[in-house]
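Each chain, written out:
Protein chains: 2
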Amino acid sequence: MPPPNAASVLNILPPRFKPFSKSLLYSFSVPRNRTSISLLRCFSLYQNPIQSPSSPPPREKALGRSGALSPSPSAVENPTVVDVNPPRGTRDFPPEEMRLQSWLFQNFREVSRLFAFEEVDFPVLESEALFVRKAGDEITEQLYSFEDKGGRRVALRPELTPSLARLVIQKGKSVSLPLKWFAIGQCWRYERTTRGRRREHYQWNMDIIGVSGVLAEAELIFSIVTLFKRLGLTASDVGFKVSSRKVLQAVLQRYSIPEDKFGEVCVIIDKMEKIPMEEIEKKLIDIPISLEAIKGLLQVLSIKSLSKLEELLGAAGDAVADLKQLFSLAEQYGYSQWIQFDASVVRGLSYYTGIVFEGFDRQGNLRAICGGGRYDRLLSTFGGDDIPACGFGFGDAVIVELLKDRGLLPELTPQVDNIVFPLGEDLQGPAAMIASKLRQKGQSVDLVLETKRLKWVFKHAERINASRLILVGESEWQQGMVRVKNLSTREEHDLKLEELD
Amino acid sequence: MPPPNAASVLNILPPRFKPFSKSLLYSFSVPRNRTSISLLRCFSLYQNPIQSPSSPPPREKALGRSGALSPSPSAVENPTVVDVNPPRGTRDFPPEEMRLQSWLFQNFREVSRLFAFEEVDFPVLESEALFVRKAGDEITEQLYSFEDKGGRRVALRPELTPSLARLVIQKGKSVSLPLKWFAIGQCWRYERTTRGRRREHYQWNMDIIGVSGVLAEAELIFSIVTLFKRLGLTASDVGFKVSSRKVLQAVLQRYSIPEDKFGEVCVIIDKMEKIPMEEIEKKLIDIPISLEAIKGLLQVLSIKSLSKLEELLGAAGDAVADLKQLFSLAEQYGYSQWIQFDASVVRGLSYYTGIVFEGFDRQGNLRAICGGGRYDRLLSTFGGDDIPACGFGFGDAVIVELLKDRGLLPELTPQVDNIVFPLGEDLQGPAAMIASKLRQKGQSVDLVLETKRLKWVFKHAERINASRLILVGESEWQQGMVRVKNLSTREEHDLKLEELD
Chain A
351 MPPPNAASVL NILPPRFKPF SKSLLYSFSV PRNRTSISLL RCFSLYQNPI QSPSSPPPRE
411 KALGRSGALS PSPSAVENPT VVDVNPPRGT RDFPPEEMRL QSWLFQNFRE VSRLFAFEEV
471 DFPVLESEAL FVRKAGDEIT EQLYSFEDKG GRRVALRPEL TPSLARLVIQ KGKSVSLPLK
531 WFAIGQCWRY ERTTRGRRRE HYQWNMDIIG VSGVLAEAEL IFSIVTLFKR LGLTASDVGF
591 KVSSRKVLQA VLQRYSIPED KFGEVCVIID KMEKIPMEEI EKKLIDIPIS LEAIKGLLQV
651 LSIKSLSKLE ELLGAAGDAV ADLKQLFSLA EQYGYSQWIQ FDASVVRGLS YYTGIVFEGF
711 DRQGNLRAIC GGGRYDRLLS TFGGDDIPAC GFGFGDAVIV ELLKDRGLLP ELTPQVDNIV
771 FPLGEDLQGP AAMIASKLRQ KGQSVDLVLE TKRLKWVFKH AERINASRLI LVGESEWQQG
831 MVRVKNLSTR EEHDLKLEEL D
Chain B
351 MPPPNAASVL NILPPRFKPF SKSLLYSFSV PRNRTSISLL RCFSLYQNPI QSPSSPPPRE
411 KALGRSGALS PSPSAVENPT VVDVNPPRGT RDFPPEEMRL QSWLFQNFRE VSRLFAFEEV
471 DFPVLESEAL FVRKAGDEIT EQLYSFEDKG GRRVALRPEL TPSLARLVIQ KGKSVSLPLK
531 WFAIGQCWRY ERTTRGRRRE HYQWNMDIIG VSGVLAEAEL IFSIVTLFKR LGLTASDVGF
591 KVSSRKVLQA VLQRYSIPED KFGEVCVIID KMEKIPMEEI EKKLIDIPIS LEAIKGLLQV
651 LSIKSLSKLE ELLGAAGDAV ADLKQLFSLA EQYGYSQWIQ FDASVVRGLS YYTGIVFEGF
711 DRQGNLRAIC GGGRYDRLLS TFGGDDIPAC GFGFGDAVIV ELLKDRGLLP ELTPQVDNIV
771 FPLGEDLQGP AAMIASKLRQ KGQSVDLVLE TKRLKWVFKH AERINASRLI LVGESEWQQG
831 MVRVKNLSTR EEHDLKLEEL D
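The listed protein sequences correspond, in order, to chains A and B.
Under our numbering, the letters of the first sequence match residues 351 to 851, in that order.
Under our numbering, the letters of the second sequence match residues 351 to 851, in that order.
It does not matter which identical chain is used: a pair holds within one copy or between any two.
Taking lysine-lysine and the BS3-like style, the derived pairs with C-alpha atoms no more than 25 Å apart in a straight line are: (1) K633 - K645; (2) K835 - K809; (3) K846 - K791; (4) K621 - K645; (5) K805 - K521; (6) K624 - K611; (7) K523 - K802; (8) K632 - K484; (9) K621 - K591; (10) K579 - K787; (11) K645 - K658; (12) K645 - K591; (13) K591 - K654; (14) K674 - K787; (15) K802 - K787; (16) K579 - K791; (17) K521 - K802; (18) K624 - K654; (19) K611 - K633; (20) K621 - K484.
Don't read these hints as lab results, they were simulated from the structure.
From a predicted model like this one, the values you see are computed outputs, not experimental measurements.
Use the sequences and the hints to build the structure in full.
Below you can see the structure in the form of structure tokens.
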């Protein structure tokens with residue numbers, strides 16, 4: 351039975367790649383009704399005899415010696431009925447979910463290794479100041495922040511990049527540039543209004559610190575392409591929309607809009623398909639941006655071809671040159687069919703300064719799968735000297751949803767080399783010895799820890815996908831033998847202990 | 351240069367295995383002086399030219415196109431100087447620390463696999479109610495709890511076991527017992543008074559749910575022995591002190607002390623070597639426990655041999671029988687030289703009901719390395735039916751300290767198969783193509799992303815421990831060739847692209 355939370359994998363917006371478009375609406379259109387799930391669970395709990403004091407306990411209980419302590423001291427002392435669900439917006443990872451997570455993270459790590467990135471991590475709890483930005487980034491408006499017992503403002507990190515920037519400044523000259531770092535970390539947000547959407551997700555980040563040229567972005571996008579290919583996705587399943595913040599910057603310059611409004615404008619424009627156009631215009635007018643400039647902005651944002659962009663901005667600017675180089679590099683890497691220019695891609699983080707990109711589902715059903723870009727100015731916002739940098743964030747939610755849709759989620763079953771089963775309590779010691787011997791050889795052993803029937807053991811072997819069953823019986827043991835059954839061929843024979851390998 | 355935080359690995363008490371003895375005093379006797387470290391850092395920052403606005407930036411800056419955005423829009427908009435250190439009591443994991451952590455976790459995972467345990471995880475943020483216990487457990491008194499924005503009391507988990515119990519109740523009949531689960535998760539505590547001690551650590555847990563017999567505890571202790579051996583530790587480096595809560599229970603019964611005082615008594619006794627004896631006695635008298643009973647308790651706690659215990663309690667009780675069986679099983683597993691009976695081991699968690707154990711450093715310099723025991727009654731404190739269970743917690747702090755002391759920490763260096771270096775910007779595309787080709791073969795490639803000197807590339811190759819350097823030069827490339835240099839043998843030769851593997 352899948353865990354009740356399996357479906358809610360969909361329900362968080364990865365902070366670093368805020369959706370640009372109707373994807374958000376989609377995510378609102380499938381709210382998980384937490385209340386009804388909880389009721390359902392309570393109901394099944396009441397139906398479950400283990401929860402009902404009047405019916406006998408359904409499984410082997412603490413009998414014998416372990417059952418001596420009764421009534422339970424702690425239960426008497428502190429009888430609290432806790433909610434058996436994880437807190438709103440969070441997940442448990444029972445074995446089947448954990449296998450999926452480990453498999454996904456293993457793929458993240460393997461791609462990062464192929465690209466020679468080193469793994470890093472940062473505290474999940476950071477100073478709130480690290481994430482507070484005046485440009486109105488949605489990510490910082492949904493900060494999961496609070497005051498600690500010492501009166502300090504802290505936050506559960508909404509993204510990894512600010513911590514990375516902090517660490518780079520701290521390391522100073524002790525590290526040699528460029529740095530190629532990756533991280534897989536849990537990120538949080540707190541959202542007051544909607545129910546049932548996730549408050550945490552894991553994010554894979556790859557960042558290149560100290561490289562100003564576009565080859566860095568090309569390498570990052572290629573690493574995601576490499577992941578997609580490993581997962582079985584093709585260029586007809588997913589793609590990347592690419593643009594540059596310098597496109598907007600050129601337009602703002604044309605209309606003499608001060609550069610310190612840049613981040614704010616980007617954040618507003620990023621919300622274009624989430625909130626009504628009149629509201630966008632009103633926000634831009636409030637900055638203030640002239641109606642004429644707004645018209646100019648909107649015109650540019652609708653461009654989907656580089657040659658049209660060049661017509662409008664001229665060939666001299668950095669925006670066009672950067673993008674042309676990126677497309678040329680993609681050609682040589684061999685992934686040009688995965689990327690397309692789209693001026694409407696702005697991304698929601700105010701700190702981006704150059705190329706921005708997002709991975710999208712070509713069927714258009716899902717939010718952005720990942721997103722990233724160049725952030726050459728982030729370090730100076732923390733009091734450091736600027737170092738050119740770019741990176742991306744890739745969440746664990748949308749990709750799983752996508753793979754599920756495409757039937758690409760692997761069947762991940764447990765795998766155990768041996769079950770060792772003592773036929774009687776007196777044989778537990780010998781069984782332990784055998785288990786110990788096999789584990790020394792690197793084999794995994796599920797030792798049956800209680801008196802069980804053989805039928806149970808076979809069923810259990812199937813459940814944990816064991817290759818071999820080793821029966822420790824009285825008469826065989828007296829001759830230094832055990833009975834070995836190959837669980838796939840069904841062959842069985844007696845083996846001397848020293849022959850067991 | 352080691353990171354400033356490397357030394358503070360020592361500075362947290364692993365919640366699940368609160369120290370019993372002078373180990374805590376030890377931990378107080380080596381407080382990290384946070385203030386002086388911070389000052390030192392500030393000082394070096396001022397000396398570091400990258401932090402000084404008057405000196406030129408020390409490394410290649412965002413030149414050319416990326417340098418066009420000036421002054422930085424976001425810097426102008428939001429000039430905040432943030433503290434470059436992680437929040438008090440937390441750690442960054444730069445690559446060298448992360449390699450160590452990954453290596454340690456890899457060992458945890460490999461041992462768990464050998465014992466056929468399945469990995470699980472739970473939210474790092476849980477309902478505060480899950481951890482509040484009336485017995486006065488230190489772990490719950492140092493809870494890192496707060497009110498979320500919705501007014502709910504939540505806590506960063508101090509340990510993993512209550513979440514595991516919650517999940518087991520939630521799963522109800524959908525899982526078959528026994529469960530063998532392991533988890534590696536970050537745990538938190540908030541401690542108001544001392545400075546510089548860690549507020550987070552990672553903990554490896556293994557738990558067996560649904561087995562009442564002592565073979566379960568024997569298996570758990572053996573899994574830790576297996577880890578110790580993998581790490582290069584022997585029975586003369588470390589050992590386990592083992593006792594049973596049933597010893598105390600028998601004494602309390604003898605003096606007719608109500609069973610609902612049991613958890614409280616255990617928690618007080620666990621503090622015996624941390625606070626003065628008069629205070630312990632006063633706390634016990636307040637419960638109330640008679641002076642005679644206190645005398646009886648203290649007498650039992652000083653016992654270090656099973657036969658003496660049997661003399662005092664008689665052979666009939668569960669305490670002696672459980673312990674005898676455990677020592678007999680340890681004999682057959684082959685690890686009896688690692689364990690010893692010590693009645694003074696009580697452990698600080700009120701929910702333990704049977705066998706308790708802690709791993710200790712035989713030189714006596716460090717706090718408990720790990721600890722665990724049987725907790726057959728925990729589930730009923732959450733409103734579930736009891737299921738027999740036992741488990742342990744093993745932190746990432748003390749073990750690293752111990753391995754460092756013994757010279758057993760491995761040298762973990764990065765490892766890269768290839769560096770691909772384009773000799774000029776025009777050759778970036780061909781270099782990207784070559785990198786792509788090698789990565790498809792599963793080889794890791796560090797692609798040099800900027801124009802650098804050959805000298806820099808050699809130095810860089812050494813730093814990242816690369817095996818091979820592939821130079822993409824103009825004249826070779828025109829003939830479809832690259833120059834390949836084996837960095838260990840120093841041999842080099844030109845190769846056709848199709849010959850490269």
